[in-house]
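Chain order of the listed sequences is W and G. First residue of the first sequence? That's 7 in this note's numbering, and the numbers climb one at a time after it. First residue of the second sequence? That's 6 in this note's numbering, and the numbers climb one at a time after it.
Any given hint might turn out to be false.
Mimicking DSBU-like on lysine-lysine, the simulated pairs with C-alpha atoms at most 30 Å apart in a straight line are [what the hints assert, rightly or not]:
no., chain 1, residue 1, chain 2, residue 2
1, W, 291, G, 26
2, W, 61, W, 146
3, G, 26, W, 227
4, W, 227, G, 81
5, W, 240, G, 59
6, W, 240, W, 272
From the structure, some residues in chain G lie toward chain W, with a derived Cβ separation under 8 Å [to be verified]:
no., residue
7, 21
8, 24
9, 100
10, 102
11, 118
12, 120
13, 122
14, 124
15, 125
16, 127
No lab work stands behind these hints, which were simulated from the structure alone. Treat the numbers as computed from the prediction; the structure is a model and nothing was measured. Cβ atoms here follow ideal geometry from the backbone N, Cα and C, with glycine treated the same way.
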Amino acid sequence: MNNKSLTAISALVVEDNMGDFVLIEAYMSEKFERFELIHAKTAQEAVNQLLSFEKNKLDVILLDLSLPDKSGEALIQKIVSVSELTPIIILTGFIDLKFSIKSLSLGVSDYLIKDELNSTLLQKSILYTYERNASFIKIKESEMKLELLNRQLEEKVEERTRQLKIVNNELEAFSYSVSHDLRAPLRSIDGFSQAILEEYSDKLDETGIGYLNRVRMASQKLSHLIDVFLSLAKVTRTELHTSQVNLTSVTRSVMNTLQNGDPTRKIDLSIEADLIDFADPSQIKIVLENLLENSWKYTSKTEEPSISFGCIEKNGEKVYYVKDNGVGFNMNYVNKLFVPFQRLHHENDFPGTGIGLATVKRIIDRHNGEIWAEGEPNKGSIFYFTINREC
Amino acid sequence: MVQHKRILLVEDNPNDELLTKMALERSIPNIIIDVARDGHEVIDYFFSESSARKILPNLVILDLNIPKINGLEVLKRLRAESKTQSIPIVVLTTSNEEKDITMSSSLGANSYIRKPVDFVEFSKITDLIGQYWLDVNESTHSLK
């Protein structure tokens, strides 16, 4: 207990009986060196006093339960509504255990019977109430601080979200204009090159025709790059719609399409059965398509090529993998794998845009997952990914 | 008498206009191509008092990304007027944005085609457009 509580107490005594007030005053002077009693004779007077006080002026309210203008529960409620955090001790002539318990739930700190009251009991009740209230106020204050911090945090998040939305809209407008404005000149380059080839070929020699064909191929390549660039942007823009997905059948269908595109290739294929998880079906298909197409592509020069898709458990987590015995890669470059437009192989050896794995990583990120890879030159590579990790 | 087919080509880019004309003229014999370079010109073409067009085109080829009144708005207005509501309209544009495709369809475009960069592909497409909309398809519009 701090000294203040022992030496100087300021109390509002709400009591219509002058005799009782004098008695309380006597008890107080017996136990407290310095104290201040403010007297209110009616509920209305008490309310007026309470409203006029500065905050924290009062240490305690001593409340008689039957006043001329209000009594009982209604009185307690009225006083509690204006007492801020000042503790209330009830003084009453009646012993009513049920009501005394109820009054505690209404926000009253203690319940004293006048007939049993003496200076020691009053002192004890006031000091206990005071200390309990001090802790209570501390808790309240931290609650309020926490609430303020929460509110500030929420405001910050809202502000960031707003900014993000603006940037997103800008990005969308940018993508749209890229798709239009970059493609239009390309169409002219390709179109007029072709027009020259068709209408003026008699004025060109073989080298000239070759050059024009190169112009056309380059413009078509750039057009394709614009397409994949846009599809990468699109992956992040579209909302996720997750549902149950059978990864096994997605893998089977992707491999079927690849096999149908080149029926002469023989691949030793192994796909684990019944792999089911929650994901956005169209996006997880893009993931598997990219990984499997890579395996298909990078085993094209391998003797006895094999590709497998499966799932292992690592630290209680499901880890999916796509594994092949193709050209693999040097682990020194593993960090470049998922960066857009970074390629580890020459265009002439293995054509590609350098966007596939970047797209895959974005999708896995959006599924709260991780993706990583292991590889060895001319031995093969394994791509691992997880989805739906607990945050 | 040779029957002429008339197309209104809505296109603001002069290079694209020339290329599209080249491709169309090559694949569709006896074709007359009118050109509107922005949304206003399309509205004037059909509705202005002075032009008071009596001969309507058999087909409108509409780019979406055009100045003044954009392609989707033009589409909406043409479909709102009885004079033009049954003319076949093919949207031929660079965009493959989902919202452009769905909006075009819901506003009453008869077809949506994305312009390819490859001119050989593009010629094949104009060939198909001409064959289908000017020869194969019997439109209610030509009954009038």
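Hints, verified against the model:
1. W:291 - G:26: Given pair residue 291 (chain W), residue 26 (chain G) is violated - Cα atoms ~41 Å apart, limit 30 Å.
2. W:61 - W:146: The hint holds at about 15 Å.
3. G:26 - W:227: holds (25 Å)
4. W:227 - G:81: Between residue 227 (chain W) and residue 81 (chain G) the Cα gap is close to 36 Å, so the pair fails against 30 Å, i.e. violated.
5. W:240 - G:59: violated (45 Å)
6. W:240 - W:272: Given pair residue 240 (chain W), residue 272 (chain W) is violated - Cα atoms ~34 Å apart, limit 30 Å.
7. 21: Holds: closest Cβ of chain W sits about 6 Å from residue 21 (chain G), inside 8 Å.
8. 24: holds (4 Å)
9. 100: holds (6 Å)
10. 102: holds (6 Å)
11. 118: Hint violated; residue 118 (chain G) Cβ to chain W Cβ min 13 Å, cut 8 Å.
12. 120: Because about 6 Å separates residue 120 (chain G) from the closest Cβ in chain W, which is inside the 8 Å limit, the hint holds.
13. 122: holds (4 Å)
14. 124: holds (4 Å)
15. 125: holds (6 Å)
16. 127: For residue 127 (chain G), the interface hint holds, since the closest Cβ of chain W sits about 7 Å away, which is under 8 Å.
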